[in-house]
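Colleague: Chain by chain, the residues run as shown.
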Amino acid sequence: MSVPILKQADVLIASIQVAQTDEELLALRDRLTGQVGEVRARGVIIDVSALDVMDSFATRTLRSIAYSSRLRGAHTVVVGISPEVAFAMVQLGLELGAVSTALDLDDAIAQLDAHRKERAPT
Amino acid sequence: MAASGKAVLVALNGKGVRMANDLASEADNAVAQEMGLLSEQAIARRHKAVALGTEDLARIARIREAILPRVEEYAAAFFGYLGELDEAREFLRNRDAVEQARRLKTEHLVAMVGGQYGPAYALQRIKLGRLYSRAGLELRLFLGAFHDLLRRLGTTLLESAKTGEEAFQDFMSLKKVAFFDIGIIVDVMVFERERVISRQQEAIRELTTPVLQIRDRLLMLPIIGTIDTHRARMLTEGLLHSIRANRAKVVVMDVTGVGAVDTKVANHLLQTVAASRLMGATVIVTGLSAEVSQTLVNLGVDLTALQTIGDLQGGIEEAERLIGYQVLRADQRIAALPS
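Chains H and V supply the protein sequences, listed in that same order. Read left to right, the first sequence gives residues 1 to 122 (our numbering). Read left to right, the second sequence gives residues 1001 to 1339 (our numbering).
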């Protein structure tokens, strides 16, 4: 099942609700990076709270979404990693690198706001 | 009236003692069950381990008459021997336990030449072994006294046997029973000690690190004691769940109470921090002492991924700043408030 991408103001929100195959993840990456340009998004939020497994491929894909979105001018926040997933990722040595994380959607939006303020000329 | 009242009291007392004894033997039974000691096979295996066979039983039956009249004397000598040892003083001061042990020891000596070394015999040994470990008799002292007891038994056998050869054979048979006994008693004492250790570990585990909320969305995690893999896991899991439950943004992790930090502990800390970050929380580590930080540098542990601040106060202040709190003294606040 492909992941719906919602647009809220200048933020794209992708909420992954079911386990994704590697191909589906790649498709999500392509659609997201494409849309960042189309809608001139300044932020991307990827919600993974429904996932109970996060493997190395998913981690790498999230990282590449974040890095390529940044190149196109959007800051990415990964949201809703559960305690179990977080612990497993650390145990497996999976890292999200410089990708921002937040507890939930509220926090992610607050974080994007703060980020925008930092950048805005005062 | 008074007389009958007294009688009732005595009867009650008798019942109380019996109940206590029942409880104790119930515990002995439980230990025996837990150690898997009471099955016929386990006993048979133990007999085989000391090579206790039918000819030994025949010899023991023959020497029974020589031993039985002197069991009280032997039991007294056993505790007399302990009395000579400074280290056993603590044990001997416990009069009740010694009295009970002396009684059990006499029973033991009678049973030792009784020819029946089944579950009932094993249970008696367990009872005695538990009594020793409860009363704090060290294993080596017990072994010393037991050896002395064997020496006495050997002397008796030497007197009663017709030839030295026969006395030696008799003694060897008795020694097999003795080593069967020692095997059980050592196992019981080790088992009891392990049980104490595991109970203490349990107690320590129950003191697991609390995660405290000190402000809205600000958690504090004071770590005290040593961190091993198991504890690090519990700690991280506890913290991650608290982060979610309290919607924490910043966690101050204070390691002032952690005695030694080595590569392993540092890695555990790094993992905890990385996992918290995945959940969107920033972790500030405080309380790395001068020695600890030098050790870490010397070990070459890279802690640059950690946000560290010297003391807990500084950590909390930094955390407040990150969340956007500003703490002012009351008089300052009055001045600062718009009138």
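Treat the hints as calculated values from the structure; they're not laboratory data. Hints are supplied without guarantee of correctness; some may be wrong.
[As the list claims (entries may be wrong)] Footprint (simulated), chain H over chain V, 3 or more residues, beta carbon under 8 Å:
no., segment
1, 1237-1251
2, 1274-1286
[Stated by the list, open to error] Away from chain H, derived, C-beta distances all over 12 Å, residues of chain V:
no., residue
3, Ala1111
4, Gly1114
5, Leu1270
6, Gly1324
Don't be surprised by glycine CBs; every beta carbon is placed ideally from N, CA and C.
Colleague: If a hint holds in the structure, say so; if it doesn't, say that too.
Modeller: Here's how the hints hold up against the structure:
Counting residues of the segment 1237-1251 of chain V whose CB lies closer than 8 Å to any CB of chain H gives 8, so the stated coverage by that chain holds, three being the minimum. Residues of the segment 1274-1286 of chain V lying with their CB closer than 8 Å to a CB of chain H number 8, which satisfies the three-residue condition for coverage. Consistency note on V/Ala1111: stated as away from chain H, and its beta-carbon is indeed over 12 Å from all of that chain's, at 55 Å minimum. Distance check for V/Gly1114 against chain H: the nearest CB is about 58 Å away, which clears 12 Å, and the non-interface claim stands.
Against chain H, the non-interface label of V/Leu1270 is violated: not every CB pair exceeds 12 Å, the least being about 9 Å. At roughly 10 Å, the least C-beta separation between V/Gly1324 and chain H is not larger than 12 Å, which violates its mark as non-interface.
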